[in-house]
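S.K.: Residue strings, one per chain:
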Amino acid sequence: NAGVMQNPRHLVRRRGQEARLRCSPMKGHSHVYWYRQLPEEGLKFMVYLQKENIIDESGMPKERFSAEFPKEGPSILRIQQVVRGDSAAYFCASSPTGGDFQAFFGQGTRLTVV
Amino acid sequence: RKEVEQDPGPFNVPEGATVAFNCTYSNSASQSFFWYRQDCRKEPKLLMSVYSSGNEDGRFTAQLNRASQYISLLIRDSKLSDSATYLCVVNAGGGADGLTFGKGTHLIIQP
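Protein chains in written order, with the numbering used here: chain A, 33 to 146; chain B, 736 to 846.
Worth flagging that the hints you see were computed from the coordinates, not collected in a lab. All values reported here derive from a predicted model rather than from experimental measurement. There could be a bad hint or two in this list.
To be verified - PhoX-like cross-link-like pairs, simulated, lysine-lysine; straight-line CA separation at most 20 Å:
#	chain 1	residue 1	chain 2	residue 2
1	B	Lys780	B	Lys814
2	A	Lys103	A	Lys83
3	A	Lys59	A	Lys94
4	B	Lys780	A	Lys103
5	B	Lys777	B	Lys838
6	A	Lys76	B	Lys780
7	A	Lys59	B	Lys780
8	A	Lys59	A	Lys103
9	B	Lys780	B	Lys838
10	A	Lys76	A	Lys94
11	B	Lys814	A	Lys76
Said to hold, decoys possible - From chain A, some residues computed to sit far from chain B (all C-beta separations above 12 Å):
#	residue
12	Leu43
13	Pro102
14	Gln113
15	Gly140
16	Arg142
Built from N, CA and C at the ideal position, the CB exists for glycine as well.
Just chain A, with the same shape it has in the complex (with noise of 0.2 Å):
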């Protein structure tokens, strides 16, 4: 039973560029959620999805960035238009189901803006 899969691993882009992030959930799993680490901060929530739903997306930055968990294939997070800022460590996690849970991390992507 595989992991949480992120990728990629590492991603670099261009100021203005776009990023695409990816995250397969553990097998079974229905609740999504992506995280964002700072160099040297702690973890921030972004967003948490169910399929095809966003439950809560308070975390997300009201512009550039978006997130998705179709019905079939792995969550997206978008970010639109890099800036050097976005640069972090993204984690995204999954869960069984939302509520008293342990969530299963990824591996992360760490995007590089330059």
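Using the hints provided, position chain B relative to the given structure of chain A.
M.R.: Only chain B this time, still in chain A's reference frame:
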């Protein structure tokens, strides 16, 4: 979103010593509590859940104090491999909030 506060450290502790961390949370409605461990540039991994009655797993003991809204982690007979960042994690329940992470406490075990 509600806050979870931790002392960032670093805690420099000699091998074999006992070390304890505390974490406070602001949302009194929080229902689930966890300690995660994160090694440098790696993903967080669940260390242990924290139950109301407290729980122990080998050298690790976790306690919950709901009245004072804090969680503790005690590590006995510390090993060099315990060096990591320890994240206090709270889930407010209801399914909508997900997990709220503290910024972590950095532990360095010295030989």
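S.K.: Should the label of leucine 43(A) as a non-interface residue stand, given a Cβ cut-off of 12 Å to chain B?
M.R.: It holds; leucine 43(A) is separated from chain B by about 15 Å at its closest Cβ, greater than 12 Å.
S.K.: Can you confirm whether the C-alpha distance between lysine 780(B) and lysine 103(A) stays at or below 20 Å?
M.R.: violated, 27 Å
S.K.: Mind checking the alpha carbons of lysine 103(A) and lysine 83(A) for me, to see if they're no more than 20 Å apart?
M.R.: The given pair, whose Cα atoms are some 6 Å apart, holds under the 20 Å limit.
S.K.: For the pair we were handed, lysine 780(B) and lysine 814(B), check the Cα-Cα distance against 20 Å.
M.R.: holds, 18 Å
S.K.: For the pair supplied as a hint, lysine 59(A) and lysine 780(B), confirm whether the alpha-carbon distance does not exceed 20 Å.
M.R.: holds, 18 Å
S.K.: Are the Cα atoms of lysine 59(A) and lysine 94(A) separated by 20 Å or less?
M.R.: violated, 31 Å
S.K.: For the pair supplied as a hint, lysine 59(A) and lysine 103(A), confirm whether the alpha-carbon distance does not exceed 20 Å.
M.R.: holds, 14 Å
S.K.: If you draw a straight line from the CA of lysine 76(A) to the CA of lysine 780(B), is it 20 Å or shorter?
M.R.: The hint holds at about 16 Å.
S.K.: Quickly compare the C-alpha distance for lysine 777(B) and lysine 838(B) to 20 Å and report which way the hint goes.
M.R.: Holds, because 15 Å separates the two Cα atoms, which is no more than 20 Å.
S.K.: So glutamine 113(A) supposedly isn't at the interface. Is its beta-carbon more than 12 Å from every beta-carbon in chain B?
M.R.: At roughly 26 Å from the nearest Cβ of chain B, glutamine 113(A) sits farther out than 12 Å, so the non-interface label holds.
S.K.: With a cut-off of 20 Å on the C-alpha distance, tell me whether lysine 780(B) and lysine 838(B) pass.
M.R.: holds, 15 Å
S.K.: Between lysine 76(A) and lysine 94(A), does the CA-CA distance stay at or below 20 Å?
M.R.: holds, 15 Å
When each numbered hint is compared with the structure, violations occur for hints 3, 4, 11, 15 and 16.
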